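Colleague: Now for the letters of each chain:
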Amino acid sequence: MENNSAREHRKACLKITLVLLAVWFMVSLGCAVLFRGWMDTNMPMIGNAKFGFWMAQQGSIICFVLLLIVYKVLMQRLDDKHGYSE
Amino acid sequence: MEQSTLNFIFIGISFAVYIAIAIRSRAGSTQEFYVAGGEVSPIANGMATAADWMSAATFISMAGGLAISGYDGSRFLMGWTGGFVLLTILMVPYLRKFGKATVPDFVGDRFYSNLARGVAVVCAIFICMTYIMGQMRGVGVVFSQLFDISTTWGVLIGAAIVFFYAGLGGMKGITYTQVAQYCVMAFAYTIPAVFISIALTNNFIPQLGFIGDITTGDTAIPFLEKLNEINDQLGFAHYTSGSLPLIDMFCITAALMCGTAGLPHVIVRFFTVKSVRAVRTSACWTLGFIAVIYLTAPTIGAFARVNLITELDGLEYATASDEAKWLSQFEHTEQMVFDDKNGDGLIQYRGPNSDTPNELTVQKDIMVMANPHMAGAPKWVIALLMAGCIAAALSTAAGLLLVLSTSISHDLMKNIVNPDISDKQEVLYARLAAGISLAVATYFGINPPSDFIAETVAFAFGLAASSFFPTLLIGIFSKRMGRAGAISGMLCGIGFTLGYIIYFQFLDGPKENYLFGISPAGIGTIGMLINFAVAFIVNAFTPDAPEHVQQMVEDIHIPSGAGDAVSH
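As given, the protein sequences belong to chains A and B, one line each in that order. Per the numbering used here, the very first residue in the first sequence carries number 1; after that it's consecutive. Per the numbering used here, the very first residue in the second sequence carries number 1; after that it's consecutive.
Calculated directly from the structure, the hints in this document are not laboratory data. This structure is a prediction, so every number in the text was calculated from the model and none was measured. Idealized CB from N, CA, C, for every residue including glycine. Among these hints, one or two may not hold up.
Said to hold, decoys possible - Far from chain A, by Cβ distances over 10 Å, these chain B residues were calculated: (1) Ile23; (2) Phe147; (3) Phe187; (4) Glu225; (5) Ala320; (6) Glu334; (7) Asp339; (8) Gly343; (9) Arg350; (10) Asp355; (11) Pro378; (12) Trp380; (13) Lys424; (14) Phe452; (15) Leu529; (16) Phe541.
Stated by the list, open to error - Once the Cα atoms are required to be at most 27 Å apart in a straight line, the calculated DSS-like pairs of lysine-lysine come out as: (17) B:Lys479 x A:Lys81; (18) B:Lys479 x A:Lys72; (19) B:Lys97 x A:Lys11; (20) A:Lys81 x A:Lys15.
Work the whole structure out from these sequences, hints included.
Modeller: Structural data, given as structure tokens:
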């Protein structure tokens with residue numbers, strides 16, 4: 001029982017980790033470096049800044065902070081569910 | 001009041017506060033010296049980590065890099081914040097649960113080998129040393145400006161202050177001093193930006209001014225368009241375009257990100273919080289506090305660029321003493337150099353695409369300090385900025401020295417060489433190690449590997465990305481990985497990266513020989529891949545980790561029940 005719960009917790013935790021990492025990669029290296037040219041031409045301007053450029057200089061950082069808050073909340077919930085809260 | 005008097009008053013007050021805090025929270029035991037007894041609140045720890053994190057490279061150098069290279073400078077912005085996501089999601093909760101005081105401790109226990117511990121100590125020393133070199137350079141630039149002396153003397157004075165200051169408090173003292181330093185830095189960075197933003201764009205939020213209109217001319221035009229236009233006229237690349245090759249940009253950003261997640265002096269910060277849950281909260285606060293500065297940096301860079309060009313280009317040099325009084329101050333310390341090549345007495349600032357020669361050389365590292373001068377901000381704003389610059393360099397240098405000296409005294413002397421030394425001797429070794437490392441860092445501060453601080457610091461991240469990041473990741477997520485794989489991975493990763501950096505940066509290897517066109521700052525990404533590959537290949541032919549170690553790895557994935565971090 002104990003072990004089962006631990007395994008489930010680990011699995012769920014891994015899922016959260018992978019999803020958040022995928023978002024992390026997209027908003028930084030994706031939007032702002034790899035696909036920047038496409039983003040610049042096809043996405044809406046942010047103020048007077050092109051989308052890719054704005055993501056590189058401002059947007060990615062804002063997303064990082066949001067990602068960590070989401071991570072904290074999700075993990076907290078997961079821990080509570082499995083009885084690992086202190 | 002004179003500018004210099006005001007500078008000294010601001011710096012004097014901030015110093016008095018730091019020293020008072022450091023003395024009040026002096027370390028009582030070795031335990032306190034390293035991890036502050038695990039009693040620091042998540043917000044305080046977040047602030048302190050943010051101050052520790054934001055070094056001279058961030059504070060002084062990064063906005064300058066942005067100003068000169070525009071989009072290309074984003075590699076520092078994304079690299080040094082994005083790494084925190086990796087750090088928080090992949091590393092620190094597990095390492096905290098493991099409950100050791102230092103990173104080599106984890107490596108030594110997880111890979112059940114003193115050799116692994118030894119290799120980790122060597123990696124930690126290389127990483128921290130490279131990092132401190134950058135900081136010493138930063139301290140030097142600030143002090144040289146402050147006292148109007150050469151950078152060499154600035155570095156020496158800075159070294160003396162850092163040494164005195166780092167020896168005072170241990171981790172607890174440093175933590176609370178860094179809280180104060182964060183506050184100084186945040187104000188010192190944002191207030192000048194607000195002033196300049198109002199002057200240029202009539203918007204008191206710099207981030208909005210940045211994407212808004214420039215209002216200094218007759219008609220309001222988009223600020224970034226204006227920036228591209230003036231860069232274009234003078235023969236520089238478009239501010240929003242950048243000129244680094246895609247692969248280099250990608251590798252440098254990735255190396256900075258992964259390096260962040262493998263930096264021993266940042267990881268240990270999270271050992272000072274009380275539980276795994278508090279670690280996550282603390283990491284949120286840390287990145288939040290860091291974001292305040294990082295979201296301001298691109299605006300400072302862009303504003304500085306406009307100011308530099310509009311203030312100096314086409315100015316008659318003889319009248320510069322009236323219209324741009326500050327120019328002589330930066331010329332004196334050789335941060336800006338004017339060479340009248342065509343002899344017309346006018347300053348012509350030109351880029352690489354221009355037909356006429358460039359007559360003004362500007363060191364990137366001076367842009368942040370020069371910015372409020374150029375915008376004509378009030379004197380107290382400039383004084384506040386100087387205090388912030390010094391806080392940035394000091395806090396990071398002190399945190400690094402602590403980790404470096406711990407690595408030597410605790411991981412090397414106590415755990416490997418002689419387990420019987422007393423607490424007192426351990427602290428003594430720590431102080432001795434701090435002294436020696438500072439001396440070495442001072443030497444390289446005077447003769448830096450790159451004349452751009454952020455670049456020097458980027459090498460430290462490359463080293464961390466190629467050594468600790470993969471090894472810790474494997475240690476946490478692959479329970480079967482045995483010691484042979486991990487050790488050979490670390491050695492190959494850091495060996496390759498260090499070799500590449502030394503060959504191209506110190507031995508002047510020709511740029512045409514770059515591997516896939518990747519510059520030394522980005523090679524850590526390749527080093528990291530080498531580390532992973534070697535570790536798994538070697539592990540396929542050598543025994544897996546023993547049963548009790550595998551059990552231990554399973555255990556670190558359960559978040560509850562993390563005791564205090566212990567130091568043995």
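Colleague: Take the hints in turn and mark each one as holding or not.
Modeller: Hints, verified against the model:
1. Against chain A, the non-interface label of B:Ile23 holds: every CB pair exceeds 10 Å, the least being about 34 Å.
2. At the 10 Å boundary, the C-beta of B:Phe147 stays outside the reach of chain A, the nearest C-beta of that chain being 34 Å off.
3. Look at B:Phe187: its CB is around 20 Å from the nearest CB on chain A, clear of 10 Å, so calling it non-interface holds up.
4. The claim that B:Glu225 is not at the interface with chain A is violated, since a C-beta of that chain comes within 10 Å of its own (minimum 7 Å).
5. Non-interface status of B:Ala320 relative to chain A is upheld: no Cβ of that chain comes within 10 Å, the nearest being about 32 Å off.
6. The Cβ of B:Glu334 lies farther than 10 Å from every Cβ of chain A, with a closest approach of about 30 Å, so its non-interface assignment holds.
7. At roughly 32 Å, the least C-beta separation between B:Asp339 and chain A is larger than 10 Å, which holds for a residue marked as non-interface.
8. The beta carbon of B:Gly343 is kept farther than 10 Å from every beta carbon of chain A, the shortest such distance being approximately 39 Å.
9. Against the 10 Å criterion, B:Arg350 stays outside the reach of chain A, whose nearest CB is about 24 Å from its own CB.
10. With 10 Å as the threshold on Cβ separation, the claim that B:Asp355 sits away from chain A holds: the shortest Cβ distance comes to roughly 28 Å.
11. For B:Pro378, the requirement that its beta carbon stay farther than 10 Å from each beta carbon of chain A is met, with the minimum near 27 Å.
12. The claim that B:Trp380 is not at the interface with chain A holds, since no C-beta of that chain comes within 10 Å of its own (minimum 28 Å).
13. Once the 10 Å rule is applied to beta carbons, B:Lys424 is consistent with being away from chain A; the minimum gap is 35 Å.
14. For B:Phe452, the non-interface assignment is confirmed: its Cβ lies about 19 Å from the closest Cβ of chain A, beyond the 10 Å cut-off.
15. B:Leu529, annotated as away from the interface, keeps every beta carbon of chain A farther than 10 Å; the closest lies near 15 Å.
16. The beta carbon of B:Phe541 is kept farther than 10 Å from every beta carbon of chain A, the shortest such distance being approximately 28 Å.
17. Taking the CA atoms of B:Lys479 and A:Lys81, the gap is about 25 Å. The hint holds against a cut of 27 Å.
18. Proximity of B:Lys479 to A:Lys72 is assessed by CA-CA distance (about 25 Å); at most 27 Å being required, the pair is judged to hold.
19. Distance hint between B:Lys97 and A:Lys11 is fulfilled; the C-alpha atoms sit about 18 Å from each other, no more than 27 Å.
20. A C-alpha spacing of about 16 Å is found between A:Lys81 and A:Lys15, which places the hinted pair at or below 27 Å, so the restraint holds.
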